[in-house]
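**Student:** As given, the protein sequences belong to chains A and B, one line each in that order.
Here my numbering is used: position 102 in the first sequence is 102, and no number is missing along the way.
Each number in my numbering corresponds to the 1-based position in the second sequence with 1000 added.
Since the hints were derived computationally from the structure, they do not count as laboratory data.
Think of the CB as a built atom: it goes at the ideal place given N, C-alpha and C, for glycine as much as any other residue.
Treat the hints loosely; a few may be bogus.
[Unchecked claim] Just the calculated beta-carbon pair ranges, DEER-fashion:
#: 1; chain 1: B; residue 1: P1258; chain 2: A; residue 2: A314; range: 56 to 64 Å
#: 2; chain 1: A; residue 1: L316; chain 2: B; residue 2: V1186; range: 54 to 62 Å
#: 3; chain 1: B; residue 1: E1065; chain 2: A; residue 2: L316; range: 41 to 49 Å
#: 4; chain 1: B; residue 1: R1142; chain 2: A; residue 2: L316; range: 23 to 31 Å
#: 5; chain 1: B; residue 1: D1031; chain 2: A; residue 2: F4; range: 40 to 48 Å
#: 6; chain 1: B; residue 1: V1122; chain 2: A; residue 2: A314; range: 31 to 39 Å
[To be verified] Output of the computed footprint for chain A on chain B, the stretches with three or more beta carbons under 8 Å from beta carbons of chain A:
#: 7; stretch: 1088–1094
#: 8; stretch: 1152–1166
#: 9; stretch: 1315–1325
[Said to hold, decoys possible] Derived, one-sided and incomplete: chain A residues facing chain B with beta-carbon distance under 7 Å:
#: 10; residue: K52
#: 11; residue: A227
#: 12; residue: S231
#: 13; residue: S233
#: 14; residue: N243
#: 15; residue: Y313
#: 16; residue: W315
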Amino acid sequence: MTYFIIRRTFWAFFLFVVATMITYVIFFVVPANPAALAAGKATKPEIVAHIKHALHLDLPIYQQYWLFVWNLVRHGSFGYSFVNGLPVRTTLGQEIPVTASIVFGGVILYLVISIPIGIISALRPRSALDRSGMVFVLVGISAPSVWVGLILIYLISFKLGWTPIGDYCNLLPTHQTGVCSGPGEWAYHLILPWITLAVGSAALYTRLIRANVMETMSEDYVRTAWAKGASSSRVLVQHVLRNSMLQVVTILGMDLGLLLGGVVFIEIVFGMPGLGQQLVLAAERFDLPVVVGIVMFATFAVIIFNFIVDVLYAWLDPRIRLT
Amino acid sequence: MALLEVENLHTRFLTDDGVVKAVSGVSFKLDRGQTLGVVGESGSGKSVTFLTVMGLVDRRSTEVEGSVRYDGEELLNASSARLQNIRGRRIGMIFQDPMTSLNPVKKIGWQLEEAVLLHNDVNHAEARRRAIQSLEEVEIPRADARVDDYPHQFSGGMRQRVMIAMALINQPEIIIADEPTTALDVTTQAQILRLMKKLQDEHGAAIVMITHDLGVVAELADDVKVMYGGRIVEEALVDDLFVQPEMPYTWGLLGSMPRLDQVSARLEQIPGQPPSLLRPPTGCAFHPRCGYTFDKCREELPELAAAPDTVDHRYRCHLDDAERHRIWAAKTAAVSAGEGSAA
């Protein structure tokens, strides 16, 4: 286990380096002039040159990268936005909670939907519930989240007026006037984004869980359990579920990592100031420090959730040893 | 009254392609302490017969007819609670592939304890004690340590011992062993068979040995049923079957068995494939592969008739007695001649 953690840490470090390097390289391959953009329209060339120098954009690419690494290691700083001059850390600090709120709420919602439906339709294949579940799955998979989000906003927010049309509210109460906050408001504003995220994934996970449970039900050791005289609920809980969750855990870990890098469509449709929306904005403005900051966080999320998956895997299946 | 009585059992699987008649009218009796060998090729219905007896076929996609009585009690319409009570407690089962028949994520001890706790009102410590004791009975060294291992830490032969321990742990009256040695290497096979024999002597359980290996039958069984195409085609005491088999399929099975006491250039083989149970052949199911087929074989299913001058020896064949005995005598003479020339 110790060896596993050490190896994983080295691997994470390596991934960070590669991911940030690639971001730098791509950034400089794209022909753009962030300094000119930052300076605004109709500025004199001297001012652009001055800004260029101030942002270190006049240095060779490897020196710029080195400066970034140095600031990160020496000062724990991700640098400052080219566009508004704010520390990237502050920007990330504001946006991560938004994306995390959407992602974790949505993931919990789709697991709550797909686990029971998946298991029941595996146990009763071809039943009415299984068939209607499959219709739901097909619709869910076919409908893009942008479309689902827009339809939900139109029907539920606009026509029925049950939920707000967009905007994010902090989970923790703040006492600033004019800023909405608190768990109630937070959930109220997030309910549609959660449903939007859950529709497609719930469908996918229902299928996945159904397939895995059905496959496990036909394993020889499940037959052994029946032959011992175990009841159907005991067979399901003790012998089927744990064995059928291996693949689900893997995919869930990968999904969590990926989603935390930004749920772009949902954030944009619902006007949520999250990582995905910011990443698109920053890329459009050639705001390199912000892009690198978000890429690093996304890498971190993928690494952390892969680590959790590996540990869970070893716990679920004793044949796998963490070395 | 026999311990297990099966009468006119039919099992049909309803598939997308049609109805598969896996078992068609099988009847037999099993007495206490008896060892019954059930022989046949893959797809002859031998495993399905006993899965049906145990109620382990999927009832949603399967039609079952006939009667299965355990100790006089009808099992085919028994409640699932009653069946759970009988499975593992009264009738234990050992499966073919020990590599996949144990749950990979549970410790050996847990799996044995589960079998104890399902049927006995004992505490965990007692269940564990019995688990270790049962591992000792099947001759697993250092049983008290190995009880905490996972199945993947055991070899195939060791796992089959665990399966046997698990089937025996509640001292059932019947043990159904579905090809218990097929997946094992030859030396391990011999050990497992010896172990089963020893345990049967100690516990007095009746054993049903399902196999395609006539050597296993010769070693263990008192009676033999030969199955083909979902039916019993010949049944006899084990010695009678080897001395005077009465129908061509059994001849083929015996001829395809290598023997150390005879020299033959080449083993006999049964030509063709086992019949499709989706569209079984008309008449006698064996007629497309039989070397002695005539018109009647294609039209009419032979009854399970008693052989002349024997008890409990019955067979399905349209050939008349004189003809069958002449063919079998010629076959054994040919083998003896081969022996003579080799000597």
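**Student:** Are the hints correct? Go through all of them and say.
**Tutor:** Do the hints match the structure? See the list:
no. : hint                         : result
1   : P1258/B - A314/A: 56 to 64 Å : violated (47 Å)
2   : L316/A - V1186/B: 54 to 62 Å : violated (36 Å)
3   : E1065/B - L316/A: 41 to 49 Å : holds (42 Å)
4   : R1142/B - L316/A: 23 to 31 Å : holds (27 Å)
5   : D1031/B - F4/A: 40 to 48 Å   : violated (58 Å)
6   : V1122/B - A314/A: 31 to 39 Å : holds (32 Å)
7   : 1088–1094                    : holds (count 4)
8   : 1152–1166                    : holds (count 3)
9   : 1315–1325                    : violated (count 0)
10  : K52                          : violated (60 Å)
11  : A227                         : holds (4 Å)
12  : S231                         : holds (6 Å)
13  : S233                         : violated (11 Å)
14  : N243                         : holds (6 Å)
15  : Y313                         : violated (11 Å)
16  : W315                         : violated (10 Å)
Checked against the numbered hints above, the structure breaks hints 1, 2, 5, 9, 10, 13, 15 and 16 and satisfies the rest.
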